[in-house]
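Residue numbers (my numbering), protein chains in the order written: chain C, 1 to 252; chain U, 253 to 390.
Read the hints as simulated data drawn from the structure, not as lab findings. Errors might be hidden in some of the hints.
[Said to hold, decoys possible] Now the stretches of chain C that chain U is said to cover, found in silico as 3 or more residues with beta-carbon under 8 Å:
#1 52-58
#2 74-80
#3 154-166
[Said to hold, decoys possible] Pulled a few chain C residues facing chain U out of the computed Cβ check, cut under 8 Å:
#4 Asn62
#5 Val89
#6 Arg123
#7 Pro190
#8 Tyr232
[As the list claims (entries may be wrong)] Some residues of chain C that are not near chain U, with every Cβ distance over 10 Å (derived):
#9 Gly22
#10 Leu25
#11 Trp33
#12 Glu94
#13 Glu103
#14 Asp105
#15 Gly106
#16 Ser173
#17 Glu180
#18 Ala200
#19 His218
#20 Pro219
Here a beta-carbon is modelled for each residue, glycine too, at the ideal position from N, C-alpha and C.
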Amino acid sequence: MALQLYAIVRREHPVPPPAIPGMELPPLRAVEWDKVAAVVRDVDEGEQLTEEDAVGHLDVLNQLMMSGPVLPMRFGMAAPDDDSVREEVLRSAEPELLRRLDEFDGFAEVRMDLRFDEDAALREVLATDEELRSLAARSGGASADMDERIRLGETVTEHLTQWRQAHADDLLSGPTELAERSTSLEPPEPSVERRAFLVAMDRLPDMDDAVAEVREEHPEIDIEYIGPLPAYSFLELTLTSAQPESESQWGW
Amino acid sequence: MTMANRAPRPQGLADVLEVVLDKGIVIDAYVRIALVGIELLTIDARVVIASVDTYLRYAEAVNRLDIGSEQKPVGLPGLVGQIEHTGAKQKTKGALEGVKETAQDVMASFREGLTEQRQARERAPVSDRRALRRGEEE
Chain C
1 MALQLYAIVR REHPVPPPAI PGMELPPLRA VEWDKVAAVV RDVDEGEQLT EEDAVGHLDV
61 LNQLMMSGPV LPMRFGMAAP DDDSVREEVL RSAEPELLRR LDEFDGFAEV RMDLRFDEDA
121 ALREVLATDE ELRSLAARSG GASADMDERI RLGETVTEHL TQWRQAHADD LLSGPTELAE
181 RSTSLEPPEP SVERRAFLVA MDRLPDMDDA VAEVREEHPE IDIEYIGPLP AYSFLELTLT
241 SAQPESESQW GW
Chain U
253 MTMANRAPRP QGLADVLEVV LDKGIVIDAY VRIALVGIEL LTIDARVVIA SVDTYLRYAE
313 AVNRLDIGSE QKPVGLPGLV GQIEHTGAKQ KTKGALEGVK ETAQDVMASF REGLTEQRQA
373 RERAPVSDRR ALRRGEEE
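Input sequences plus hints: build the corresponding full structure.
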């Protein structure tokens with residue numbers, strides 16, 4: 001027997017979370033220590049996680065979030081048994097976990113993907129960059145070898161990234177002002193700007209309005225808008241190898 | 253009401269995986285046991301493929317937009333098999349953090365693959381390449 005870990009919550013957090021019709025969650029239970037708890041699922045040792053489990057992981061976190069602050073575990077974290085979760089995850093880390101739970105209480109993360117028109121963006125980047133144009137002339141032609149072309153593409157990607165981020169800063173000034181914090185994330189491709197915002201739950205409707213406004217003013221940009229998620233992008237936490245008898249060490 | 257414009261989670265499986273695998277609390281080696289069955293390295297290889305493919309695509313695009321070219325760049329389909337092969341070999345490492353370390357290896361073998369496959373191929377249309385990146389999204 002082993003445990004798959006989903007999240008850390010306060011001890012009083014309802015686990016499993018209240019059922020939502022039409023949404024099926026894996027069988028969850030809580031492993032508790034003092035004022036904190038880990039949300040876990042029993043799995044067979046050697047069980048292989050699937051892509052459905054990854055989707056299920058996010059669904060669990062989403063539903064847990066409806067009842068209070070949630071610190072998400074990275075998907076795939078597992079422990080051999082309840083005692084090891086108590087000793088190595090909860091007991092040694094409790095003060096920091098409680099501090100983080102307080103920090104994110106009442107807040108959620110929302111994300112936006114801004115998909116720019118690639119050709120238009122590239123034209124603009126090229127138009128404003130003489131050096132890039134001459135590099136393209138040298139390294140983009142039929143005689144250029146693969147390495148040269150990859151390097152050219154890499155340079156173009158860098159310039160496109162700068163262009164995209166500057167534009168996104170401008171376009172997203174409304175949502176950024178509403179958010180407590182915001183950060184730029186690694187995008188799926190260079191013509192997409194992916195941003196995460198930490199926003200107070202009670203300001204979500206304002207955020208929705210702000211996004212609607214951006215969409216209205218810039219119908220040429222495709223915006224994917226998701227949330228509320230646990231504060232993934234604003235929580236960086238590693239529990240470093242805590243031996244059962246020794247003090248734990250922290251790093252983040 | 254603008255609520256309908258916000259989705260509870262990303263549409264594509266690849267994006268869901270990025271959310272749950274990229275961040276979150278990490279437990280170091282002692283307590284963690286491997287629960288790896290999902291094709292983590294395949295996902296990683298997919299990312300690498302996407303980035304080299306992207307570079308080549310942009311090299312071609314600026315060429316097309318700026319000075320024009322009749323040359324067809326090397327396409328990906330012939331290379332995918334090689335990456336997957338590498339992925340399967342590395343997967344025996346098993347541990348979650350092994351994944352990122354091997355990205356460079358995958359990249360290296362990808363470059364080798366490129367050199368071996370100089371002959372130009374017909375490039376896959378955009379929709380196909382997106383499908384490739386997003387893999388088994390359906």
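Going through the hints against the structure:
{"no.": "1", "hint": "52-58", "in the structure": "holds (count 5)"}
{"no.": "2", "hint": "74-80", "in the structure": "holds (count 7)"}
{"no.": "3", "hint": "154-166", "in the structure": "holds (count 4)"}
{"no.": "4", "hint": "Asn62", "in the structure": "6 Å, holds"}
{"no.": "5", "hint": "Val89", "in the structure": "6 Å, holds"}
{"no.": "6", "hint": "Arg123", "in the structure": "6 Å, holds"}
{"no.": "7", "hint": "Pro190", "in the structure": "6 Å, holds"}
{"no.": "8", "hint": "Tyr232", "in the structure": "4 Å, holds"}
{"no.": "9", "hint": "Gly22", "in the structure": "12 Å, holds"}
{"no.": "10", "hint": "Leu25", "in the structure": "14 Å, holds"}
{"no.": "11", "hint": "Trp33", "in the structure": "13 Å, holds"}
{"no.": "12", "hint": "Glu94", "in the structure": "13 Å, holds"}
{"no.": "13", "hint": "Glu103", "in the structure": "14 Å, holds"}
{"no.": "14", "hint": "Asp105", "in the structure": "17 Å, holds"}
{"no.": "15", "hint": "Gly106", "in the structure": "18 Å, holds"}
{"no.": "16", "hint": "Ser173", "in the structure": "18 Å, holds"}
{"no.": "17", "hint": "Glu180", "in the structure": "17 Å, holds"}
{"no.": "18", "hint": "Ala200", "in the structure": "15 Å, holds"}
{"no.": "19", "hint": "His218", "in the structure": "14 Å, holds"}
{"no.": "20", "hint": "Pro219", "in the structure": "13 Å, holds"}
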